[in-house]
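Enquirer: Okay, here's what each chain looks like letter by letter:
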Amino acid sequence: MTSLTLAAGPARRRRTAWVPTLVLVLGALYCLIPVVWVVMAATKSRAELFSTFTLAPGTGFLDNVHDLSRYRDGIYWQWMANSALYAGVGALLSTMVSAAGGYALGRFAFRGREFVFKLMLAGVLVPGIILSVPQYLMLSKMGLADTYWSMLLPSILSPYGVYLMRIYANAAVPGELLEAARMDGAGEWRIFSRIAVPMMVPGLITVFLFQFVGIWNNFLLPYVMLADDTKFPLTLGLYTLLAQGASQPALYTLVITGCLLAILPLIGLFLVIQRFWSLDLLSGSIKA
Amino acid sequence: MTTTPLEGSVRTSDGPSAGGTTEAARSPRTRGVRRGGRFAPYWFLLPTLALFAAFTAVPLGYSVWISLHKVEVQGAGLGSHAREEVWSGLGNYTAVFSDSLFGTSVVRALGYGVIVIPTMLGLALLFALMLDTPKVRSGPFARLAIFLPYAVPGILAAVMWGFLYVPDVSPFYFVLDKLDLPEPNLFDGTNLYLSLANIAVWGGTGFNMIVIYTALRAIPQEIYEAARIDGASDLKIALRIKIPIVAPSLVLTFFFSVIATLQVFTEPKALQAIENGIPKDWSPLLTIYNSAFGRADIYGASATAVVLAAATFLLSFTLLRISNRFTREDQA
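If you read the sequences in order, they're chains V and H.
Residues in the first sequence are numbered consecutively from 1, following this note's numbering.
Residues in the second sequence are numbered consecutively from 1001, following this note's numbering.
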């Protein structure tokens, strides 16, 4: 399996390695600058935003949240709910499809297996917009453009997810176990759902999280597909708010507050799963 | 972990040799096991293949088909009437190659990539090696902080940095102002490359760092012990042992970075919303988007998209060829 050598950590000695520590702290500061800035800027009132020192806290955070919630009858929270819907449902379906596909590619020998696998690899490489434009044209012919479907359907297939699940099924589900279950007379679907899926749980969570973050962060697809702003996800909603801000600078405080509130859920999710994410998950994806 | 409930079932069947009799004796189903098994993989692959056909293969084919056509009636929008599609052959393609907007945008993306990729992967490798150094302090905190940008959507990262580039609200300009130093325009000419590259480096370093770091942690510690006994310093171990071992991970991250570079779209789009002066067709994807939806020329846009896709494939397969010399992880 994809076990790690984490238990055997680096041998601790007494002296601190100052140069590596300094490098890491500088790197961490660089990565935190915009986050600290957005936290501070979100606390400033409109007047304070352009007048006070940028990294000093302001007095208007609650007012900003209130204004943002009131803007166009709370459309911001609609965007948040849309993002959660697209990312949650999309990632769930994507994980199920990837699990079945990856399991088939990883645990069966059949005609066309290599071909399908190469298709998936090729699928990883196709640039988003090259698909987005024809996808838009096709969905609009079916009357599905600018609907929730136009966001959900193209997000389900994840060639990378299938690829990951293939590796994971191969590593985590012993072939002998499947043979044994077959000899006991279990059907293939039963073997998959009762035996393989439970063993693939860490890999499934990996794919779910990748897809969730990927869909939540996606900008291009909604930008191409959606016109009605009540269906926008957060990324597109905040972008349109920003674009309007060019003529109405008063909206900038709303954009900044909206940015902060938009990244908090993902940072929260990320902190909760961080330990698991950074270790088991990525190693599962890289090491076969 | 999750395997515990299953160990029992392994024991009950106890070896494949006993299978012949137990199968007949225990099978509660009348359906032939072997026959069901033969078609099973196709059933499991059905959703994947159906979605691949519907949302990848058919759109790609459709794109190629459109790219070989043009519309007769001039001035028509995206509406389906009042225009006629006629065969145009390679006309759109010759137009792509003589289109200076597209050419310029490709050159821009390449220049941007030349800044982003070495910086991002260099930093990722550096941080990963630092994290993997013995006696280092605040490693977990730094790892978390550097990976954090991965959770921030690209468009929001660009918005946040975009504000940091605006003199009125940026702490950098505040410092420059106090020190009486020159205040560069970060949305201008060459600086724009650096501004955009910075956003990409900020967003991507952590993820690549984790990929490389994970590969480093998989190296058995005994190798280092042996090297230390032979008198190797930490630096020497890093250069001579660690970097060669994580080379496959570096190739992988490089590969994905190149593809991401060719697809840059979100960041320039966001900066355009802050600063009007940025060219509308800054990157190849922006050119394609603008010709498809801005100028309603889906034919030219499709031809451009096909050219870009072909270039991406060509580049990817070349890189895969090279990387296959390093890695042999394909068949597990």
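Derived by calculation from the structure, the hints in this document are not laboratory data.
Only a predicted model underlies this, so the values are computations on that prediction, with no experimental measurement involved.
We treat Cβ as the ideally placed atom computed from N, Cα and C, and that holds for glycine.
One or more of the hints may lead you astray.
List of simulated lysine-lysine pairs, DSBU-like, C-alpha gap at most 30 Å [what the hints assert, rightly or not]:
1. Lys141/V x Lys1135/H
2. Lys141/V x Lys1236/H
3. Lys1070/H x Lys1280/H
4. Lys1135/H x Lys1236/H
Listing some non-contacts, in silico: residues in chain V with all C-beta distances to chain H over 10 Å [claimed, not checked]:
5. Pro20
6. Leu85
7. Ala104
Partner residues are not named here, just some residues of chain V that face chain H (Cβ under 8 Å, in silico) [claimed, not checked]:
8. Leu32
9. Leu92
10. Phe110
11. Gly143
12. Ile205
Enquirer: Work down the list of hints and note, for each, if the structure agrees.
Expert: Structure-based check of all given hints:
1. For the given pair, Lys141/V sits about 62 Å from Lys1135/H by alpha-carbon distance, which is inconsistent with the 30 Å threshold.
2. The suggested pairing of Lys141/V with Lys1236/H is violated, with an alpha-carbon distance near 62 Å, which exceeds 30 Å.
3. Pair hint Lys1070/H plus Lys1280/H holds up; C-alpha atoms about 24 Å apart against a cutoff of 30 Å.
4. Pair hint Lys1135/H plus Lys1236/H holds up; C-alpha atoms about 16 Å apart against a cutoff of 30 Å.
5. For Pro20/V, the non-interface assignment is contradicted: its Cβ lies about 4 Å from the closest Cβ of chain H, within the 10 Å cut-off.
6. The beta carbon of Leu85/V is kept farther than 10 Å from every beta carbon of chain H, the shortest such distance being approximately 16 Å.
7. Distance to chain H contradicts Ala104/V as a non-interface residue, since its nearest Cβ pair spans about 4 Å, not more than 10 Å.
8. With a least beta-carbon distance of about 5 Å to chain H, the hint placing Leu32/V at the interface is held under the 8 Å criterion.
9. Hint status for Leu92/V: violated, given a least beta-carbon distance of 13 Å to chain H, over 8 Å.
10. Taken as an interface hint, Phe110/V checks out: its beta carbon lies about 5 Å from the nearest beta carbon of chain H, inside 8 Å.
11. Evaluation of the Gly143/V hint against chain H yields a violated restraint, the C-beta minimum of about 12 Å exceeding 8 Å.
12. About 10 Å separates the beta-carbon of Ile205/V from the nearest beta-carbon of chain H, more than 8 Å, and the hint is not met.
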